[in-house]
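Chains A and B supply the protein sequences, listed in that same order. With my numbering, letter number 120 in the first sequence gets 120, and the count goes up by one each step, no holes. With my numbering, letter number 8 in the second sequence gets 8, and the count goes up by one each step, no holes.
These are calculated hints, taken from the structure and not from any lab test. There's no promise every hint is true.
Anything over 12 Å on all C-beta distances counts as not near chain A; from chain B, calculated [as the list claims (entries may be wrong)]: (1) L5; (2) I7; (3) S8; (4) E14; (5) H16; (6) D56; (7) E69; (8) G72; (9) L117; (10) Q155; (11) H158; (12) E159.
So these bits of chain A aren't anywhere near chain B, every CB distance computed over 10 Å [what the hints assert, rightly or not]: (13) V182; (14) K431; (15) L505; (16) L589; (17) N747.
Subject to a maximum C-alpha distance of 27 Å in a straight line, what follows is the list of computed BS3-like cross-link-like pairs (lysine-lysine) [claimed, not checked]: (18) A:K699 x B:K157; (19) A:K291 x A:K680; (20) B:K92 x A:K699.
Every value quoted in this text rests on a predicted model; they were computed, and no experiment measured them. Beta carbons are placed, not taken as given, at the ideal position from N, Cα and C, and that holds for glycine.
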Amino acid sequence: MNDPLRNEYDVVGRPTPKKDGILKALGRAEYADDISMPGMLHGKLLRSPHPHARIVRIDISRAQALPGVRAVVTGKDFPGVKYGNLPQTRDYLPLAIDTVRYIGEEVAAVAAIDEDTAEEALDLIEVEYEPLAAVFDPEQAMLPGAPLVHDNATANVSAQVAFEFGEVDKAFSRADYVREDVYETQPVKQGMLEPHACVGQWDNSGKITLWSCKMSPYVVWRQLAMGLGVELGSVRVVQTVVGGGFSGGKQEAMPMDFCAVMLSRKTGRPVKIVHTMDEVLTIGHMRHPMKISLRTGTDKNGRILAQHCKMIANGGAYSSIGGFSMYLAGAMLNIPYRIPNIRYEAKRVYTNNGFCGALRGHTNTQICFARDSQLELIAADLGVDPIEIRHRNALQPGDETSNGFRIGTFAFDECIDRVVQLSGWREKRGKLPKYRGIGFGCGSHISGARLMGHSASAAEIRVQEDGTVHLSTGSTDVGQGADTVLSMIAAEVLGVEVNDVRFALVDSDSTPVDPGTFGSRVTFFTGNAVKRAAEDARRQLAEIAGQRMKANPDDLVFRGREIISRRDDRQRMSLKDAVRWGAFQTGRLVISHGTYAAGDEKIDFRTGHGNLSPAYNPSACAVEVEVDPETGQVKVVGFWGADDSGFPLNPLAVKGQVIGATVMSFGHALYETLVRIDGKVMNPSFRDYKMPLTTDVPKLTDFQHSNVITWEPEGPFGAKEAGQGAGTGVIAALANAIYDATGVRLNSLPLSPDRIRFAIKQKYETERAGKESPVAAE
Amino acid sequence: MKNLLPISLRVNGETHDVLVPPWRTLLEVLREHLGLTGAKRSCQEGQCGTCTVLIDGKAVNSCLYLAVEAQGKDIQTIEGLATGGNLDQIQKSFVQKGGIQCGFCTPGFVLATKSLLNENPNPSEDDIRTAMVGHLCRCTGYVQIIEAIQDAASQLKHESGN
Ligand code: FES
Ligand code: FES
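Pulled out of the complex, with its shape left as it was, chain A reads as follows (with noise of 0.2 Å):
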């Protein structure tokens, strides 16, 4: 095995620029919208301006009637299958039939000569509502006489989880210390600046095509065929260039996909159509809000040992992946921290808003922020230092988590001390001058998921007679770098440069059929499955070029291009001579595939026992704010994290991927939520959704991230997960870090400059009164 410390690799391990990167630059990556085609029309979609409401009549004769429009759908042009990711949650239709369920629900499409028209067109579709009586919170949903979001959906419990790992009642009952606490995380979207843009086909043989911007495109492949009532084999997705995904519509198919092909149908040419920002940011798909009280019993020392959290999830009105959400937040109870009795009950909950899926730290950023500002509250409580909290219930490599994770590479305890050291911890925690503080945050995450359905990951190699490689997977660049990596794998083993290696694009016609982008499993399932197509072409190339050379295959070693024996390095071939050859004289062709599906192991999701990931990626962070207490404002001076990414393949990649996550962390944490007045979201645009600016992250020199290096057997070349997990600990950490700073703690996001303030200035009345005890705002 090679030193990961001592890189002896040529390509994996260095800093390698992204490979899509100059066409970038250039301007010339072909994203959706930039698809132009012969004959092309544009879609745009009819949207429902009610929360609830039944679907009286729907006239669109003055529509077809303008001038420039060629055709209208309705949910009747549909055969009126839903469609979903998991079947027992299959409930969406590609446009309403009978019922609108949220604001913002497509309810008809247009395809017209342009944009404008298509949209002019839109006023013109009479739609009769009767408006039905809508419910916007999940507690109330819940409450008998509700109004139902879905007939057979009982008090709109829309999916229901309930674990017991170990002996809870029995542990608390041993517990010297006792304390619960209730959060609440606000809706977030994605954010990516690429709106969702498809164009659909429908040709005269029945071949249906749809391009788009999709991470997933063989969960669209899919669902499209299921929505759309076809054979599979008749539809063909392919995937244009990825302008940012983080999860959510990019995912799945969403109506725009569905209307697009069939507009195309009617009109026999291809329809594009683009969602404007508003759109994106009023429609489905965004992180669940949860409430979540986090009951923990420890012993007076600070050691976890058992923790109860009952979850209720605002589901909004449709499940997207919000059944696997339920158990994915109750699985992310068991790390970073060994809990070793845990139980678990939740409730999503459908109601009248804009649907909740995953979006990038999935569940685990929500329950990471409950967990690791309660155990601040309990390290001050015990009287035990913040720091050592957390390392007296860090899991450690080759300990089995309670729901059944087997931990291997696991260095969380070094990612403390890294952090500790690069923040100046020691010097600055309760040293700070007023209103300026430091906290602290750990967080954790999965590097891909063994599920029920779809979870392996292959890829294809076709090594050409120039000594090009020809990659292709079922898996996305959505930005990631998943074009690099999985190129820097193939280059690695077959002894070539990166940039021999290319990387497709996912066509559901031709390239090996993947689950797509999500869960961290890229690098991890994918860049495995790469691996084993390379040693198979490699092995294949050995044997070429062992009958050519007179040498033993097993003797022959692939670097620089070169087909080099071990025995004698004089004996060499180029790599592409001995394609060549192969091809030409023996009628050998270099085409191999490996497929990676993580072992065997299943999860139990009814009693959520089981080995979701084959590895687990510890992270920390330290964080210093100040906070002007006039206006509640907080300000990001200095941020230090490490991660154990196992080896990173691309540092260069790697350190992208956890700053870009720790941002968007900041804007979750600070900034971010959908404003919503009875179900209509009132900030859909950039300008009142706050995202993250270049001001408001630290100075570089004050903004440091730290690789542990680790060794995961498991992984490609020793690598794990990287763009997730060290997103997971943030916003516990600025929460924590305003507490030091100002003496007030918010258990609700976003930790805006209101509630900052408010709770300032509540903490200052209550002490001008002379009362002592401490002031928790909501």
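Fit chain B with the ligands to the known structure of chain A by using the hints.
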């Protein structure tokens, strides 16, 4: 029929005569009429900077700029930055320093950098942050973008021998 206006635009040194409705933005005309899709359409209200082009060397949001107003001006889009197939130094720095992930914000940032360095070849970190405040990037967390801009500034300074 729509009320169409003949206008003439000089883009990346070439003159284009097009017939457009008078309310068309420069972004729409560049993308739909001239096939220059490097400027991206995102918020369409001046909040994100993905649609940035240079007008007489200054970065503007082309989604807020009417095409008719751009007549007689020198318009530069991302497609016009590389010369003879070679990346401009700013583009190179963005690629090398990891300033590009999904790339949707990249053309805007690159052109805004061009505009910044035209005015201030020696920007401090704060100058860079202030100049880029109208540009969102959801992927990078800005660190590698700022590093790319610093790198471009120092490489260009080096080139020009100052
Ligand atoms: S699209 Fe012009 S600023 Fe956002
Ligand atoms: S690289 Fe994706 S938005 Fe900046």
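Right, here's what the structure says about each hint:
1. L5: holds, 15 Å
2. I7: Check passes; 18 Å lies beyond 12 Å.
3. S8: Given that every Cβ of chain A is farther than 12 Å from that of S8 of chain B, nearest at about 22 Å, it holds.
4. E14: holds, 16 Å
5. H16: holds, 17 Å
6. D56: Given that every Cβ of chain A is farther than 12 Å from that of D56 of chain B, nearest at about 20 Å, it holds.
7. E69: holds, 19 Å
8. G72: holds, 24 Å
9. L117: With a cut-off of 12 Å, L117 of chain B remains clear of chain A, as the shortest Cβ separation is near 16 Å.
10. Q155: holds, 14 Å
11. H158: holds, 20 Å
12. E159: About 18 Å separates E159 of chain B from the closest Cβ of chain A, which puts it past 12 Å; holds.
13. V182: holds, 30 Å
14. K431: Label holds. Min Cβ-Cβ 26 Å, cutoff 10 Å.
15. L505: For L505 of chain A, whose nearest Cβ neighbour in chain B is about 14 Å away, the distance exceeds 10 Å, so it holds.
16. L589: holds, 33 Å
17. N747: Holds, because the least Cβ-Cβ distance between N747 of chain A and chain B comes to about 26 Å, which exceeds 10 Å.
18. A:K699 x B:K157: holds, 23 Å
19. A:K291 x A:K680: holds, 21 Å
20. B:K92 x A:K699: Roughly 23 Å between the alpha carbons, so the hint for K92 of chain B and K699 of chain A holds.
Checked against the numbered hints given earlier, this structure breaks none of them.
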